Amino acid sequence: MDFFIDLLRGGVDALAEYLSAHVITCLVPAFFIAGAISAFLSQASVLKYFGPKAKKLVSYSVASVSGAVLAVCSCTVLPLFGGIYKRGAGLGPAVTFLYAAPAINVLAIVYSAKLLGYDLGLGRAIMAILFSVVIGLIMAFIYRKEQSKADAKAFEMMASQGHDGMSPKLQFLFIGTLLGILVFAAGKQWIIMGILLVILAVTLWRFFSKVEVKQWLSETLRFVKLVIPWLLIGVFIAGMIRTGVPESAITSSVGGNGLLANFTASFLGAIMYFATLTEVPIVRSFLDLGMGQGPALALLLAGPALSLPSMLVIRKIMGTQKMLLYVSIVVVMATISGYIFGLVTQ
Amino acid sequence: MIIKILGTGCAKCMQLEKTAKEAVKELGIDAKIEEVKDITKILEYPILTTPGLVIDEEVVCSGKIPSKDEVKKYINEAMKK
Chain Z
56 MDFFIDLLRG GVDALAEYLS AHVITCLVPA FFIAGAISAF LSQASVLKYF
106 GPKAKKLVSY SVASVSGAVL AVCSCTVLPL FGGIYKRGAG LGPAVTFLYA
156 APAINVLAIV YSAKLLGYDL GLGRAIMAIL FSVVIGLIMA FIYRKEQSKA
206 DAKAFEMMAS QGHDGMSPKL QFLFIGTLLG ILVFAAGKQW IIMGILLVIL
256 AVTLWRFFSK VEVKQWLSET LRFVKLVIPW LLIGVFIAGM IRTGVPESAI
306 TSSVGGNGLL ANFTASFLGA IMYFATLTEV PIVRSFLDLG MGQGPALALL
356 LAGPALSLPS MLVIRKIMGT QKMLLYVSIV VVMATISGYI FGLVTQ
Chain G
243 MIIKILGTGC AKCMQLEKTA KEAVKELGID AKIEEVKDIT KILEYPILTT
293 PGLVIDEEVV CSGKIPSKDE VKKYINEAMK K
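In order, the protein sequence lines correspond to chains Z and G. For the first sequence, my numbering gives the first residue as 56, with consecutive numbering after it. For the second sequence, my numbering gives the first residue as 243, with consecutive numbering after it.
What the hints contain is simulated information worked out from the structure, not anything from laboratory work. Just so it is clear, the structure is predicted and the values come from calculations on it, not from any experiment. Note that the Cβ used here is the ideal one computed from N, Cα and C, for glycine as well. Heads up, some of the hints might be wrong.
Cut-off 25 Å, straight-line C-alpha distance, at most; resulting in silico cross-link-like pairs (BS3-like, lysine-lysine) [claimed, not checked]:
| no. | chain 1 | residue 1 | chain 2 | residue 2 |
| --- | --- | --- | --- | --- |
| 1 | G | 274 | Z | 280 |
| 2 | Z | 280 | G | 279 |
| 3 | Z | 269 | G | 283 |
| 4 | Z | 280 | G | 283 |
| 5 | Z | 141 | Z | 103 |
| 6 | Z | 265 | G | 283 |
| 7 | Z | 265 | G | 279 |
| 8 | Z | 377 | G | 283 |
| 9 | Z | 103 | G | 260 |
| 10 | G | 260 | Z | 280 |
| 11 | Z | 371 | G | 283 |
A few chain G residues that don't get close to chain Z, going by computed Cβ distances all over 10 Å [unchecked claim]:
| no. | residue |
| --- | --- |
| 12 | 320 |
| 13 | 322 |
| 14 | 323 |
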């Protein structure tokens with residue numbers, strides 16, 4: 056009985072700690088940025104690079120980074136992945152997108168950097184982008200004889216549905232100002248942050264209509280509603296892990312930076328299901344219990360990209376054989392990148 | 243008239259379903275609203291991002307949540323055909 060009370064207390068303590076002021080100040084601007092991206096950035100302009108006629112080099116590069124713009128929840132990633140694979144640029148770019156998207160949205164990067172340190176936060180983003188391209192190329196090479204049912208029409212239809220009216224310059228100024236606020240708030244440069252806030256207010260007042268501002272706020276609120284409940288549950292579980300799992304179990308399985316430790320971490324990550332962002336506090340708990348930096352990255356790379364439920368959906372879209380191959384490549388890649396990262400940061 | 247909501251069950255898709263139901267009720271027309279949640283079935287339609295709104299097997303809108311008035315407009319246009 057005492058054990059369970061301790062577990063619960065661990066969860067509550069974690070809630071109090073992870074949701075303390077300094078974490079909130081960095082997450083709040085990130086939510087506003089995610090809302091702005093979703094409301095104003097023209098997603099259609101990105102989609103045309105995934106069409107069947109797009110150059111392959113362009114498709115891969117755009118696929119590896121566009122998760123930052125397109126994918127803030129997994130229900131967007133999977134249909135888009137299916138569309139690119141079946142009707143657009145083909146298997147390679149589709150897989151690249153599928154892998155990179157969950158790791159590089161603005162919320163994930165900001166939260167990882169804040170809670171796990173800038174090394175891991177940045178390492179996660181960079182490795183995810185690099186390896187997504189490698190994984191895409193491997194898959195495309197193995198199944199190079201396969202042709203997708205190119206359907207340029209769907210992509211053209213999407214492109215014609217874009218938000219219109221806002222100039223790229225204005226988008227750049229607006230999102231840039233928000234990013235600046237995020238960076239300087241994290242660095243506690245309050246004066247610069249204040250100046251940027253004034254610029255933001257002027258921009259909003261001068262160039263944005265009431266409807267646009269409302270759109271931005273409602274998208275932001277949507278993300279908060281989508282992410283926060285899961286995050287609270289994740290943080291609570293992370294706290295229970297920290298209290299309930301013996302340190303020796305962690306150090307002996309995923310401590311240090313051995314290949315086996317990296318493999319164990321990436322395999323576990325592949326099977327476990329993490330709702331949006333919950334992987335971050337859970338990895339924090341593992342780190343506190345003695346997990347190595349390398350295995351932590353391995354788990355972060357394999358975790359959000361894969362889970363048993365997502366494997367089932369992926370299998371429906373591309374078949375058992377390709378799904379198994381994809382999963383194995385991801386686990387191997389996550390292991391290797393964790394290992395390299397562990398060596399670099401030691 | 244058959245109206246289909248394409249979506250894997252995320253918040254946006256549920257919002258669209260609610261909007262569509264309200265639009266149909268306010269227009270007072272006889273329409274059946276179906277949810278399509280199976281990803282392979284969703285991919286048979288020419289859409290890339292969910293939620294998608296399909297009226298009589300034609301995609302009228304995808305990737306965003308249309309307002310109630312927009313949905314009414316789509317329905318009226320489909321009725322003229």
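Verification of the hints:
1. 274/G with 280/Z: violated (30 Å)
2. 280/Z with 279/G: Holds: residue 280/Z and residue 279/G sit about 22 Å apart, inside 25 Å.
3. 269/Z with 283/G: The hint is violated at about 34 Å.
4. 280/Z with 283/G: Answer violated: residue 280/Z to residue 283/G is near 28 Å, above 25 Å.
5. 141/Z with 103/Z: Holds - the C-alpha atoms of residue 103/Z and residue 141/Z are around 15 Å apart, at most 25 Å.
6. 265/Z with 283/G: violated (38 Å)
7. 265/Z with 279/G: It is violated: about 35 Å lies between the C-alpha atoms, which goes past 25 Å.
8. 377/Z with 283/G: holds (20 Å)
9. 103/Z with 260/G: Judged against 25 Å, a Cα distance of about 30 Å means the pair is violated.
10. 260/G with 280/Z: Within the cut-off at roughly 18 Å; holds.
11. 371/Z with 283/G: Distance of about 10 Å is within 25 Å: holds.
12. 320: Answer for residue 320/G: holds, closest chain Z Cβ roughly 17 Å.
13. 322: Given that every Cβ of chain Z is farther than 10 Å from that of residue 322/G, nearest at about 21 Å, it holds.
14. 323: holds (18 Å)
Consistency note: the structure conflicts with the earlier hints numbered 1, 3, 4, 6, 7, 9.
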